[in-house]
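Asks: Dock chain B against the given chain A, drawing on the hints supplied.
2 protein chains.
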Amino acid sequence: MIMSRIEARPDEDSVAVGSAPERLTENRAEDLTEDRAEDLTQRLTERLLTGLPAEAVLTDPDVTGSYANDMASFCEAGTPAVVVLPRTVEQVQHVMRTATDLRIPVVPQGARTGLSGAANASEGCIVLSLTKMDRILEISPVDRIAVVEPGVINATLSRAVNEHGLYYPPDPSSWEMCTIGGNIGTASGGLCCVKYGVTAEYVLGLDVVLADGRLMTTGRRTAKGVAGYDLTRLFVGSEGSLGIVVRATLALKPQPPQQLVLAAEFASGSAACDAVCRIMEGGHVPSLLELMDRTTVKAVNDMAHMGLPESTEALLLAAFDTHDPAADLAAVGALCEAAGATQVVPAEDAAESELLLQARRLSLTGLEAVKGTTMIDDVCVPRSRLAEMLEGVDRIAEKYRLTIGVVAHAGDGNTHPTVCFDASDPDESRRARESFDEIMALGLELGGTITGEHGVGVLKKEWLAREIGPVGIEMQRAVKTAFDPLGILNPGKLF
Amino acid sequence: MIMSRIEARPDEDSVAVGSAPERLTENRAEDLTEDRAEDLTQRLTERLLTGLPAEAVLTDPDVTGSYANDMASFCEAGTPAVVVLPRTVEQVQHVMRTATDLRIPVVPQGARTGLSGAANASEGCIVLSLTKMDRILEISPVDRIAVVEPGVINATLSRAVNEHGLYYPPDPSSWEMCTIGGNIGTASGGLCCVKYGVTAEYVLGLDVVLADGRLMTTGRRTAKGVAGYDLTRLFVGSEGSLGIVVRATLALKPQPPQQLVLAAEFASGSAACDAVCRIMEGGHVPSLLELMDRTTVKAVNDMAHMGLPESTEALLLAAFDTHDPAADLAAVGALCEAAGATQVVPAEDAAESELLLQARRLSLTGLEAVKGTTMIDDVCVPRSRLAEMLEGVDRIAEKYRLTIGVVAHAGDGNTHPTVCFDASDPDESRRARESFDEIMALGLELGGTITGEHGVGVLKKEWLAREIGPVGIEMQRAVKTAFDPLGILNPGKLF
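Here the protein sequences come in this chain order: A and B.
Under numbering that gives the first Met the number 0, the first residue of the first sequence is numbered 0, with each subsequent residue one higher.
Under numbering that gives the first Met the number 0, the first residue of the second sequence is numbered 0, with each subsequent residue one higher.
Worth flagging that the hints you see were computed from the coordinates, not collected in a lab.
Even glycine gets a Cβ: it sits at the ideal position worked out from N, Cα and C.
Take the hints with a grain of salt, since some may be wrong.
To be verified - Taking lysine to aspartate or glutamate pairs in the EDC-like style, the calculated list, with each CA pair at most 16 Å apart, reads: (1) A:252 <-> B:280; (2) B:252 <-> A:280; (3) B:460 <-> B:473; (4) B:252 <-> B:320.
What the hints assert, rightly or not - Facing chain B, according to a computed beta carbon distance under 10 Å, are these residues of chain A, among others: (5) 221; (6) 225; (7) 231; (8) 446; (9) 455; (10) 474; (11) 476; (12) 478.
Just chain A, same shape as in the assembly (with noise of 0.2 Å):
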């Protein structure tokens, strides 16, 4: 293994943003030789001794290999030089001052259920895992917060408060696996977005190591509080590459009642997309608004035998968790009917709501299985774009011959167009990839993001980059050299 060390530019390093750590001053190389790379490699772990516990380091390329990279793993990954599993705080500034000392890239990781890439493994980085620190510290039914750990899986957290009578939202597909660290770094959405909004919207503070090894407290345990820039919120979302959150402070809500799910069937995707429209321009709060297109039907049947209908060319979930939700989901199925719906079908009780949110959930999963591999796009349009959106998925599937299922949280006007491929097949491959784009071109045409709530990572780069433009970009950056001057944390991820 080649390792490539971090060669900070002479312009960054006059950056200043406080007194640096010891630096070495050895001599720098672009490419390292083997030897000088595994003699490297043998001074990092040494120096990661003296502040972990051996059962802490791992160095055996077969473990270390198996944390890569996250669920896209169709893009680029390098070889980790080591993975820490740190557990306290000390021992995460002790990798820090490690990492900046001998300038190796670090890149944290929580569950690595991402599926952009965001978490995947820099040539010769150490992978610090954030796993091993899943303590939930606290919960207050008075101050409606919890403070944990990054590394507590977000089911965890929800069952627990779930006791308190307290209820933490976002709920991303992974929820059962993944980490609220990584929650946290990509600001994940979920099922309940469009009523409870996504991550974002429940850090109230955080304690995060700097690149340097320095501790910074950000926000607070308020419900309120405006004490200077929001650098809270500017690490939700930063995919690990401003700092690596070790605490954090989350707002909860009282526990609504259960939801109580609707079915409707639609002839064809822009009147779902109708349907949508009406609702929320009817002042409706759904606690859940999904949209399956007829593939990602068949997907979930095939796979799971649901017994869902494929005559459906759309079929449109809604959700209520109000005190009356059974005339809620009346008036909204009104609404569906008015815009053509060909059936609809209130659940008649949380078990049936349950088996029809199930359906929903295995969606993705269902779509994998159709090819073997998908490569799931995540652009959020305005909701009255959303039947735009459908069409052109439609349009771009048969241009490039293509199966690509459209699940979506529709009330959001968040599609992710899942395209399915033989990965085998170079030429499909290359067709899934130019479509993949070209959705996300389409979104951009459409006033909206290239990702809604997955994430940039490796894999939309230079979407980013056309989203946002070079002003944005260059501010981008300029943020991360303010926190990352010499650029070791996820190097080569967002921009």
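Replies: Here is chain B on its own, set in the frame of chain A:
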């Protein structure tokens, strides 16, 4: 008037944030003589007039002097060299290019209703008033967004969206006067926050003119989006120190039913705070939960003859804008009684509710009438510590022999202990400032923040440092430098 030009420090000059516009190569001096200052003002005015109509450039000292400060009139303020009132984005860009070239500080202003001196002029600055950019550009009921210029009055927007069945929640007390741009600059709160949150949660995207005149677009017009760092949120609450907001895309909610208010009287502040905790712990979601202490109640009665009950030590107002507010008020009323309320009076209709809210809204004006001048603290504590906060303020009032009325957004733990004093009495003024500071110290001790919604400005600079610590301040400065390497944007505010 002696003008001070911004003297860029060498290390700031070297920060790479893109090609700086043409820079003057003149000699710099720490202080300019009066002659040179007049010369510079003349050149500044001439340069401004090359891109602005004459009526948009005010130089008459009698006029410009009236733009010297916001509502925190007791904070230091300089004399503006010139006041500009642009009407277009291009005009704002021209102002910033001019300011960069001549190294003149720029102080952005809205309606100057701020309470921390964040809009106070620097000596010899350009005051950039955004009040003429006051168009509502778009309201979309389907996408639930509004696109506005920064000078739109909060109440104007609120009423305009109401006509479409929509609701823009943030409602600072000054909502009939204050601008959306000012609200964004200070991340304003209001009475609605306990249910609907602060301004920050309603800003989806911004057009910002940077210090050097370039235009940057941040964020999105979609419900969700995570493309790159959240620069939108970074600008919210940045008090005009990072760039000039010239357009904002705001999220809207569907208009809720009319809220119904309940008033509960308590024999002590701590009993009222106990009621607040029971209400929030009980999972209720009031649309308003406000507290007025005896001093405040009496001040409002004295001024407006409202007939509020003066025998009470603390008056709690709770409201619900749900579909069955009477039922919610009954439940909350029972919790108030359990906490020891001496009387619980639900409003019978919207008119009675409005009267109670009016009393609350008159609180600060009422307290101002007590002694002629007030210093309004804005300490927010975890609501579990609210009772301790109130008790502490009582002790501080006694210690400094001052009248301090407390009005609080109790549901958020956001208190406004308001120090009443006679500004012509130096000893009382000194005691007022000391008590004001001691209240912030108490807030920090209780795990709170020095500012829940009013911002830092000039008034609380040293307290920001105490709250966020040296590493926090250093990183805040690094962010500032990334956006404004010459330090021309609202210098001397925040830190």
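Asks: Hint by hint, say whether it matches the structure.
Replies: Here is what the structure says about each hint:
A C-alpha spacing of about 10 Å is found between residue 252 of chain A and residue 280 of chain B, which places the hinted pair at or below 16 Å, so the restraint holds. With a C-alpha separation of about 10 Å, the suggested pair residue 252 of chain B and residue 280 of chain A falls inside the 16 Å cut-off, and the hint holds. Between the alpha carbons of residue 460 of chain B and residue 473 of chain B the distance comes to roughly 14 Å, so the proposed pair stays at or under 16 Å and holds. Only pairs whose Cα atoms come within 16 Å are accepted, and residue 252 of chain B paired with residue 320 of chain B is accepted, the gap being roughly 13 Å.
Annotation: residue 221 of chain A was flagged as interfacial toward chain B, and the flag holds, the nearest CB pair being 4 Å apart, inside 10 Å. Annotation: interface hint on residue 225 of chain A holds; nearest CB of chain B at approximately 4 Å, less than 10 Å. With its C-beta approaching chain B no nearer than about 9 Å, residue 231 of chain A sits inside the 10 Å limit, and its interface hint holds. The closest approach between the C-beta of residue 446 of chain A and any C-beta of chain B is roughly 6 Å, which is under the 10 Å cut-off, so the hint is satisfied.
Given hint, residue 455 of chain A at the interface with chain B, holds; its Cβ is 6 Å from that chain's nearest Cβ, closer than 10 Å. The beta carbon of residue 474 of chain A is positioned within 10 Å of a beta carbon in chain B (closest approach about 6 Å), and the interface hint is therefore held. The restraint placing residue 476 of chain A at the interface with chain B holds, with a minimum CB-CB distance near 9 Å, inside the 10 Å limit. Residue-level restraint check for residue 478 of chain A holds (minimum Cβ-Cβ distance to chain B is 6 Å; threshold 10 Å).
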